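These protein sequence lines map, in sequence, to chains A and B. Anchor point for the first sequence: position 27 equals 118 in this note's numbering, and the numbering is continuous, going up by one each time. Anchor point for the second sequence: position 4 equals 298 in this note's numbering, and the numbering is continuous, going up by one each time.
In case anyone wonders, no lab produced these hints; they're calculated from the structure. Some clues are possibly wrong.
Computed Cβ-Cβ distance ranges for the label pairs, DEER-style [to be verified]:
1) Val512(B) <-> Ile120(A): 31 to 39 Å
2) Lys125(A) <-> Thr474(B): 50 to 58 Å
3) Asp466(B) <-> Glu259(A): 50 to 58 Å
4) Glu124(A) <-> Glu380(B): 55 to 63 Å
5) Glu530(B) <-> Ile228(A): 36 to 44 Å
6) Arg518(B) <-> Arg198(A): 35 to 43 Å
7) Asp207(A) <-> Ser486(B): 39 to 47 Å
Among chain A residues calculated to face chain B with C-beta under 8 Å, some are [claimed, not checked]:
8) Asp176
9) Val179
10) Val183
11) Met186
12) Asn188
13) Pro236
14) Cys238
15) Ser241
16) Cys256
17) Ile260
Predicted model, so just to flag it, every value in this text is computed and none were measured. Cβ coordinates follow ideal geometry from the N, Cα and C atoms, glycine included.
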Amino acid sequence: MSKLRLATVWLDGCSGCHMSFLDLDERLIALGEKIELVYSPLVDTKVFPENVDITLVEGAVSSEEDLHKVQLIRQRTKTLVSLGDCAVTANVPGMRNAFGTKAIYDRAYRENVTLDPGIPNETVPQLLASARPVHEIVAVDLFVPGCPPSADTIFYVLNSLLEGCAAEICAKTRFGA
Amino acid sequence: MNAAAGVKTLRIDERDFSARADETILEVARQNGIFIPTLCELKGLSEVGACRLCLVEVKNSNRLLPACVTRVEEGMEITTNSQRLERYRRSILELLFTERNHICSVCVSNGHCELQSLAQKLGMDHVHFPYRYPKAQVDASHPRFLVDHNRCILCSRCVRVCDEVEGAHTWDVKGRGINTQIISDLDQPWGSSETCTGCGKCVHVCPTGALSEKGRSVAEMMKRRQFLPYLTLMREDRE
Ligand code: SF4
Ligand code: FES
Numbered sequence: 092m093s094k095l096r097l098a099t100v101w102l103d104g105c106s107g108c109h110m111s112f113l114d115l116d117e118r119l120i121a122l123g124e125k126i127e128l129v130y131s132p133l134v135d136t137k138v139f140p141e142n143v144d145i146t147l148v149e150g151a152v153s154s155e156e157d158l159h160k161v162q163l164i165r166q167r168t169k170t171l172v173s174l175g176d177c178a179v180t181a182n183v184p185g186m187r188n189a190f191g192t193k194a195i196y197d198r199a200y201r202e203n204v205t206l207d208p209g210i211p212n213e214t215v216p217q218l219l220a221s222a223r224p225v226h227e228i229v230a231v232d233l234f235v236p237g238c239p240p241s242a243d244t245i246f247y248v249l250n251s252l253l254e255g256c257a258a259e260i261c262a263k264t265r266f267g268a
Numbered sequence: 295m296n297a298a299a300g301v302k303t304l305r306i307d308e309r310d311f312s313a314r315a316d317e318t319i320l321e322v323a324r325q326n327g328i329f330i331p332t333l334c335e336l337k338g339l340s341e342v343g344a345c346r347l348c349l350v351e352v353k354n355s356n357r358l359l360p361a362c363v364t365r366v367e368e369g370m371e372i373t374t375n376s377q378r379l380e381r382y383r384r385s386i387l388e389l390l391f392t393e394r395n396h397i398c399s400v401c402v403s404n405g406h407c408e409l410q411s412l413a414q415k416l417g418m419d420h421v422h423f424p425y426r427y428p429k430a431q432v433d434a435s436h437p438r439f440l441v442d443h444n445r446c447i448l449c450s451r452c453v454r455v456c457d458e459v460e461g462a463h464t465w466d467v468k469g470r471g472i473n474t475q476i477i478s479d480l481d482q483p484w485g486s487s488e489t490c491t492g493c494g495k496c497v498h499v500c501p502t503g504a505l506s507e508k509g510r511s512v513a514e515m516m517k518r519r520q521f522l523p524y525l526t527l528m529r530e531d532r533e
């Protein structure tokens, strides 16, 4: 049996969802029999590959870079999973939305900076007007709330997807879990 | 006992029940272990029918009726769960989430919040409507409590408990529609209120983390509601 191609991406989030993924511990080894991790902050691939079966997306869509990434990911992924509250609701990254980008830039790059204050216009991707949940930008196939979703929840979700059965997400996790 | 003595017979979800004429559909359902979701309703306070989560279908009525404020009637045939009701309830809940900034992960009431647990119970795994992310204020001027309007669902429990149980009427509501907001006294900082007795009843009936005790961190705010049925009972006894 050919292995399922899994990708994980980290947009505007704290990487807590990825930490939770790593908390699968020895179950990762068993999972390795069935899946191949083709793209992730945990592996060294630079470009998001074609023909990915499942992508777990952590984080809100917050910058120009996130926007391009998530659109490319959608094109190249069969089952896109919104993983964690930032991806599902914008969560903490969305707390900036009420203030507007100017106030955020000023706070981060001027008010709190002593050495060479100023807003960067290269290297750092520009912020979008607001951080948005993934499904407001591209179609999402499965939502997994939680901040972060527990390792057990992620394990359950991956197994349901591997076995092709419907996942009862709300029985396992909730917003803020 | 007969109909003249105020007993009504009715059907809820294909089961027969009898109830006192002054009882609501919600009360009868609860006595018989039938779950109807609610948010604004709280036993011991008057009913206002504000949140509309408790809507049920009643045969021969062309609109949905809120179970918390609808008295039973002879021969009523009630459905408490259907695809249509599920759809409406879920939409109402989702709209509540988009109207303010409910960030469960950093909320004092995380894990003890009625809005959060209802979302889980009704299977709400995401919100279909675009979030508004409004700019809402936090008033921490009171020495012991604070109000975070980001988390308020406008259920008006605080307004009612303050008026009906404490008798202070510190809280009220200003504005209309999306601009509605709860206010203390004449829309002034809570800390400067002359009517607030500092009893904390509002804090403990609030279903979310909108009203909380100062010094609580994430998930630390547990609400204690035992006082309410107790106080109501004591008062009934005295009458
Ligand atoms: S502050 Fe709490 S109790 Fe008062 S209206 Fe808002 S949610 Fe309801
Ligand atoms: S509980 Fe009936 S309208 Fe809120």
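Ascending list of hint numbers which this structure does not respect: 3, 4, 5, 15 and 16
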